[in-house]
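Throw the hints in and build the complete structure from the sequences for me.
Number of protein chains: 2
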Amino acid sequence: MINHVGREIPDQLLARYHKEGYQGMAYRDSRPYTKAAPTVRSNSDPGRSKLVSSLREALERCQLRDGMYFGFHHHFRDGDYIINMVMEEVARMGIRDITICASSMGAAHDPVARLIEEGVVASIQSSGVRGRIGEAISHGKLKRPAIIRSHGGRVRAIEEGDIHLDVAFIGAPTCDEYGNARGVGGKSDCGVLSYSMVDARYADKVVVITDCLVPFPNAPASISMTDVDYVCTVEEIGDPKRIVSNVVRVTKDVRELMMAEYCTKIIAGSPYFKDGFSFQTGGGGAALAVNGMLRPIMEEKGVHIGFAIGGIMQAMCELMDAGLVRKIVDAQVFDSAAIRHIQENPNHIEISTSEYANPMNKGAYVNKLDFVILGALEVDVDYNVNVVTGSDGIVRGAPGGHPDTAAGARCAIIVAPLIRGRIPTICDRVLTVTTPGEAVDVVVTDYGIAINPRRQDLLAAYRDSGLPLRTIEELRDEAYRIVGRPDPVAFEDEVVAMVEARDGTILDVIRKVKTE
Amino acid sequence: MINHVGREIPDQLLARYHKEGYQGMAYRDSRPYTKAAPTVRSNSDPGRSKLVSSLREALERCQLRDGMYFGFHHHFRDGDYIINMVMEEVARMGIRDITICASSMGAAHDPVARLIEEGVVASIQSSGVRGRIGEAISHGKLKRPAIIRSHGGRVRAIEEGDIHLDVAFIGAPTCDEYGNARGVGGKSDCGVLSYSMVDARYADKVVVITDCLVPFPNAPASISMTDVDYVCTVEEIGDPKRIVSNVVRVTKDVRELMMAEYCTKIIAGSPYFKDGFSFQTGGGGAALAVNGMLRPIMEEKGVHIGFAIGGIMQAMCELMDAGLVRKIVDAQVFDSAAIRHIQENPNHIEISTSEYANPMNKGAYVNKLDFVILGALEVDVDYNVNVVTGSDGIVRGAPGGHPDTAAGARCAIIVAPLIRGRIPTICDRVLTVTTPGEAVDVVVTDYGIAINPRRQDLLAAYRDSGLPLRTIEELRDEAYRIVGRPDPVAFEDEVVAMVEARDGTILDVIRKVKTE
Chain A
0 MINHVGREIP DQLLARYHKE GYQGMAYRDS RPYTKAAPTV RSNSDPGRSK
50 LVSSLREALE RCQLRDGMYF GFHHHFRDGD YIINMVMEEV ARMGIRDITI
100 CASSMGAAHD PVARLIEEGV VASIQSSGVR GRIGEAISHG KLKRPAIIRS
150 HGGRVRAIEE GDIHLDVAFI GAPTCDEYGN ARGVGGKSDC GVLSYSMVDA
200 RYADKVVVIT DCLVPFPNAP ASISMTDVDY VCTVEEIGDP KRIVSNVVRV
250 TKDVRELMMA EYCTKIIAGS PYFKDGFSFQ TGGGGAALAV NGMLRPIMEE
300 KGVHIGFAIG GIMQAMCELM DAGLVRKIVD AQVFDSAAIR HIQENPNHIE
350 ISTSEYANPM NKGAYVNKLD FVILGALEVD VDYNVNVVTG SDGIVRGAPG
400 GHPDTAAGAR CAIIVAPLIR GRIPTICDRV LTVTTPGEAV DVVVTDYGIA
450 INPRRQDLLA AYRDSGLPLR TIEELRDEAY RIVGRPDPVA FEDEVVAMVE
500 ARDGTILDVI RKVKTE
Chain B
0 MINHVGREIP DQLLARYHKE GYQGMAYRDS RPYTKAAPTV RSNSDPGRSK
50 LVSSLREALE RCQLRDGMYF GFHHHFRDGD YIINMVMEEV ARMGIRDITI
100 CASSMGAAHD PVARLIEEGV VASIQSSGVR GRIGEAISHG KLKRPAIIRS
150 HGGRVRAIEE GDIHLDVAFI GAPTCDEYGN ARGVGGKSDC GVLSYSMVDA
200 RYADKVVVIT DCLVPFPNAP ASISMTDVDY VCTVEEIGDP KRIVSNVVRV
250 TKDVRELMMA EYCTKIIAGS PYFKDGFSFQ TGGGGAALAV NGMLRPIMEE
300 KGVHIGFAIG GIMQAMCELM DAGLVRKIVD AQVFDSAAIR HIQENPNHIE
350 ISTSEYANPM NKGAYVNKLD FVILGALEVD VDYNVNVVTG SDGIVRGAPG
400 GHPDTAAGAR CAIIVAPLIR GRIPTICDRV LTVTTPGEAV DVVVTDYGIA
450 INPRRQDLLA AYRDSGLPLR TIEELRDEAY RIVGRPDPVA FEDEVVAMVE
500 ARDGTILDVI RKVKTE
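In order, the protein sequences belong to chains A and B.
Numbering that gives the first Met the number 0 puts the first residue of the first sequence at 0, with every later residue one more than the last.
Numbering that gives the first Met the number 0 puts the first residue of the second sequence at 0, with every later residue one more than the last.
In case anyone wonders, no lab produced these hints; they're calculated from the structure.
Being a predicted model, the structure only gives us computed values, none of them experimental.
Be a bit skeptical, because a hint or two may be false.
Because identical chains share one entry, a pair is satisfied inside a single copy or across any pair of copies.
Calculated pairs, DSBU-like style, for lysine-lysine (alpha carbon to alpha carbon, straight line, at most 30 Å) [claimed, not checked]:
| id | residue 1 | residue 2 |
| --- | --- | --- |
| 1 | K186 | K273 |
| 2 | K18 | K34 |
| 3 | K251 | K240 |
| 4 | K511 | K140 |
Set out below in structure tokens:
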């Protein structure tokens, strides 16, 4: 079939994996469905301990079988030790054909590429796939295609039962001996455990792995003992230095500052910029600079942010400390300043990823978002965005909350330089659609700003703003004029990954790269 | 069948309602089961409002049908307006045969008795049934037998799917227009919304009714927008004066003070009285007095309470303020001092009723309880307790957390005077078993203390304590000697209510009272 964003999705693939092709953002809205549920074992015996003496014992008590699905979170980011630790023990036990369902994976997980070759790992379902895992996927090493989902899409898939997690492994900075886990305290703070909340509730078995056992009760708990089977202590759950980065890149790049200024004017000049507005920025140089540029305008006009959301960083915490933000609702922490802030400020609040972005619950925070600033590897003339495949066709990115916030926000702004090296960012057709164009409102480049013609209201609002408005085609032409139209990437027919839309339909497929 | 506590449960009844008879506390421990799940309607349209203009509109949008099951909470206690408000509107709509599944019901709900007569209400499933509803039940007015459950048992029943809630109605002191609800703020504070948490997650439709709409987001939310379909504002959700009582009864009754002293000595002399111990007291005069009597002993020995739990009152908050309690985990607030305290103290924490007491999750707080002090209407020589049927055989009580905490606690203490008026408390056979004797460790009366012979360890621990230890038979004989053996209450054969054990098996049945 040709889906709603013009991508050919093989019918056989859809049939085999019980999927539909993407049919537009509103396709499944308001559709009833019955939620999934785990099969659990009760515990009403006060004498039974959940503490195990080793990870091996936890795995044995979970009665592992070939072909199981495992859940993991990525709050430890590039410092995560949990996935490798678990999967290497699984390999030693001779278990095979595991599907890893992680909220995201990164450079920390390069060793998993070997386990793919060895047949221990049969497939990957994740937001991010980078490094050697991305290469393994793009070279067709998985037994079944990878599935790439947004953060909201992963929660949806678990809550609807598309994924049934046999075991969830939750690395936790602190935990008590009965399984109450928190994202703070201990030596490996990650601030929140938002991504794990759905795993804890929907997995049959739940193992918390911690390097800091604390007295009972570790309350308020992010993960409740009511969902936890076993508690396992290890030396280290992650590398504290890589769990968060303290490097806030204050950009001095002239192009980035110019794009930040465009974004700031787009926001301040929009009908949604009024007291109580809501906002998510990313971590890029331009996006971060917007925080600083908006501040004097907010102060001058007496406008406060009602809630800020997303990956939270120092810049947003400082805006709250200055009295300009009423609530920060936090599903992921990006730096140590934000970790300190969530422990000290009662208006900086941990939320679940379902609350953040699940499109199939009864209403997520992204639905209430006024502005989001997002990046892109490519944007095409239909405003479709690619944040996953590189210019060589290899999987090396993560949709994260991109499709979720873009779909929800009243004004979704993509910021990207027109060209990177010799690669045009604005193009005829993105290599892979990871956020559909109907969710994108504004594209800000260093060569001008394009507003999606679906948003005639915004076009009218900025007509006399003095902003350098261009059509997306003009931006593409300019990009191609400078660097030329790149040669197409050569792929084989085999599908190695499916990009799932938020609602579980297939937005695009990624094919095996051709090697000479 | 004759069940594990010697009660005859009609086989036909068990077959009709797919129940089993009670088979002992450990019967279902560690048994696997698949959780229930609601059928929900997704909402990914940022433009769709959840606000309705009236309760009637909320009910219409829920597409009510005859025979539905409704969930309600009892955090507003005797001040609750929600059940009557909803059920009267339901009656006006001509809907019939509703089953009310409330966490508890009380004197506020006398008007429901009329709706039972009229066929609007077909059955009641609740912890507490008192006043005119209790009379209606005991006189056989329901179409189907009432089911009386403990607080933990209700959560279990919903999570296992014994109850499928079609609609949950959640009265909330504050709510935003997207359904984030809290137990604090506004004019009708109830402190926590613990009982409603399971309703929100397992009901197909969820309606929040509030008298205080607050700006979005009302975070941290006790009930999340992700589970809420409609938000309805009304003038008043309850009578603030009756939601909580500020009257802390400091007893001067000599018998109560004597029993409090016995309890205090039992606790302080037990092997579990050490730093970090855990504790639940009830609200009775003797139980409350124990808080005050324990304090100097704790101070002298440097012993702190690790966590206190249960219905929370000023006395426990004051112990925390004095530095003697590390955490208060709160599933119900009993006075306004406790409501203020939970808003101001980060170590006083709202928990769900599943966390509190559900026997079929992976571990509840009651499993970690060292001491609980509980009341009783009757205790028999097998240590079975009745807290539900009065001496006239009429339903007028509530198991509440009684069976849950008794089962979980290392030392479950029942405090009751040996006789009340002309009624013996200690007897051959309780009218109705609501907590099985195997969960009861110590019975404290004003005529002496009986220790369950199952607990030879405790018997040995107190042998030389100087406490007036008696056998339970001696206490019974003493009671009968003073007031005589009462005539048996006359019942008809018809079963009007089933008392469910925590695990869903049938502990006892209540029969229709014989009217002359």
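Between K511 and K140, at a C-alpha cutoff of 30 Å, which is it: within one copy, between copies, both, or neither? within (9 Å within a copy, 70 Å between copies)
Which holds for K186 with K273 at a C-alpha limit of 30 Å: within a copy, between copies, both or neither? Classified as between: cross-chain Cα gap 29 Å, same-chain 41 Å, threshold 30 Å.
If the cutoff is 30 Å on CA atoms, where do K18 and K34 land: within, between, both or neither? Let me know, please. both (17 Å within a copy, 25 Å between copies)
Reference check for the pair K251 and K240, CA-CA at most 30 Å: within, between, both, or neither? Result: close within a single copy only, 25 Å intra versus 61 Å inter.
The earlier numbered hints are all upheld by this structure, with none contradicted.
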